[in-house]
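Engineer: Residue strings, one per chain:
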Amino acid sequence: MVFPEVDPKREALEQCIEKLQAKSRRALELRYEQDMKPAQIAEVIGSTPGSVRVTLTRIRSALSKCIETRLGKKGGDHA
Amino acid sequence: MPDTPDRFDEVDRIDAYLDGTLSEAASADLRQWIEANAANAQVFAERAVLHHQIHGIQKRKKLESLHDPQLVLKELLAMEQGSQPVSPRDLLDDARRLGEAAAFKHQQDRRQTDVVGLIGFCLKLAIQSRPAMIAGVAAVLVLTLVIVFSSGDDRPGPIADQVDNNSEPGVVGSDRPTIDPVIAALTAEHDAVWDRRPGESLSAGQRFTLIEGFAEVTMKRGGVVLLEAPCTIELIHDNAIRLDRGRLVGIVESERAQGFLVRTPQIDVVDLGTRFGVEADPTSDHSAVSVIEGLVEVSAIETDSGQPSVVRLEAEQGLLARTGQGLAMAEIDPMRFVTDPAVWPYMIKTDETAKFLGLDRPASLMPAALESSERMHVVLEQTGVEVVKGVAAGITKPGTYRSFAGPGDPVAYAGQVDSYLVHLDPVGKGQSVTLSGEFTFPRPIVAVLVNGRQLIKTDALFANPGTELYRQPDMPFGLDGTDITLEADQTDELVLSEDRRTLRYRLFALEPFDEFRVLIEAADQEP
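Line order of the protein sequences matches chains A and B. To convert, note that position 57 of the first sequence is 57 in my numbering; the numbers rise steadily by one, no gaps. To convert, note that position 356 of the second sequence is 356 in my numbering; the numbers rise steadily by one, no gaps.
Keep in mind that the hints were calculated from the coordinates and are not lab data. Relax, there's no trap hidden among the hints.
Pairs of lysine to aspartate or glutamate, EDC-like flavour, derived with a Cα cap of 16 Å:
{"#": "1", "chain 1": "B", "residue 1": "Lys61", "chain 2": "A", "residue 2": "Asp35"}
{"#": "2", "chain 1": "B", "residue 1": "Lys62", "chain 2": "A", "residue 2": "Asp35"}
{"#": "3", "chain 1": "B", "residue 1": "Lys61", "chain 2": "A", "residue 2": "Glu18"}
{"#": "4", "chain 1": "B", "residue 1": "Lys62", "chain 2": "A", "residue 2": "Glu14"}
The calculated label-pair distances, taken between Cβ atoms and stated as ranges, are:
{"#": "5", "chain 1": "B", "residue 1": "Ser497", "chain 2": "A", "residue 2": "Gln34", "range": "57 to 63 Å"}
{"#": "6", "chain 1": "A", "residue 1": "Lys65", "chain 2": "B", "residue 2": "Ala39", "range": "16 to 22 Å"}
{"#": "7", "chain 1": "B", "residue 1": "Glu293", "chain 2": "A", "residue 2": "Lys65", "range": "38 to 44 Å"}
{"#": "8", "chain 1": "B", "residue 1": "Thr283", "chain 2": "A", "residue 2": "Gln34", "range": "35 to 41 Å"}
Each residue gets a CB set at the ideal place from its N, CA and C atoms; glycine is no exception.
Let the hints inform the model, and build the full structure from the sequences given.
Structural biologist: Shown next, in the form of structure tokens:
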């Protein structure tokens, strides 16, 4: 009984989420923890559905970039 | 993949699809775009995996926070009341902070295997979410898989593993909660007997019982639990377990594992970087905590007042919790808990009348050095000692013994033994005490050396050289047999069970103390 190998991308993602500002993390919490759709999130945070969609996309893209950066650093560290 | 404006448009569209806000017509367009080439399919897969993984991480956080449903509700209300729109400036700040992220520890580049996982996930997500998209994704998978496998690396990736293990046929929709299936590993065991089949993975939600023996389970976050049978636990997530009954020791040494949670029916114990023991006893409806090192936070799951009670415990502190009665500081002997796997092969099962010192060997067993009128002490003296000819013992066979005089019978066993010294020294000078109970050894008892003469003759072989022993032949320190000067209940009695593993005793200890030595078959027989 052994662990599968740690997925470095997932590990990086966890670290990147921790780096987000509180408001961005809140948006993720509402979307993923509370399973809210953008329209529902908009109601909660007093915004518009379109703005929430853009916000979520930016957060995801920022996370994606963060993962790449961290994985790149990892490779460079051991080159 | 270049960050062209076109790609940003497609990422927006993929996100809208994954968020469930894309219209049917736009979904059809997206499908055509995915069908166009393998690169597009990979863009879709990467974004879908990102979505999937964020979902898994956030869901796990939610589970971690569910200590008290009322608190969760309060937190949600607070979030609603205090919420403000997320500004672009915040996002830019986030991006800058993300760019300054710390370096990684791991060095293996798993890009290729990740691609395999991405594609697997992409296909599964499409199957679960929008059946109409299957054909489009599948068409480009053929090309992509050829590219990937032609590189010579055909190992299944971790993401693919997750997806396979999370598979739930018939579940529709991309928002299904996902948690890593395997969240712990069995990293050590000794004589362990489980209620599960060998080879089963340790996944979230699994509940299992250690029927016999000892085991070490390492959580994915790095927290370690040492289990002592009998105990029943349930894995909650990769940094939390539930202890329904029995004892365990939690060890948190890595920063990543801080916050490790042990939940019992009565309490939550959150480790703040430490080593601690937890016991749950469903028959008496209580839980106990003893902190060996560091700091833990203990909260009652429910009290009569309906308010949680929280206590922080430092090293050498303990508490008891009963259902509905909150928390009460108490002296919990840390020796109740096995904190070092090295002692597993030598553990003896005792009742409340005996205390096994584990790998701790006292510097002195002279009179008054280790006093107790409530229980005897059992010291592991030496391990793996060869029994030589001429060793004689008062007990070598199963039976009931009340006479302990004489040189004893030769020990017939040929091999190596582990030796234990049992020591009962009542508190105070000239005091006496009677104790009755039993202990069970991990392997068969070869011999019991019961009187001063037998003990003195075997000290050179079996005693711990670092322990000062009292050896005055004129003061009897072995067991007292039937004597006309003693009442019937003032004699010592030992009963060796038929399987030679359990020793029942009734000891009447007088000045200076009672002592006897037990030899059992060695854990490791070296050639």
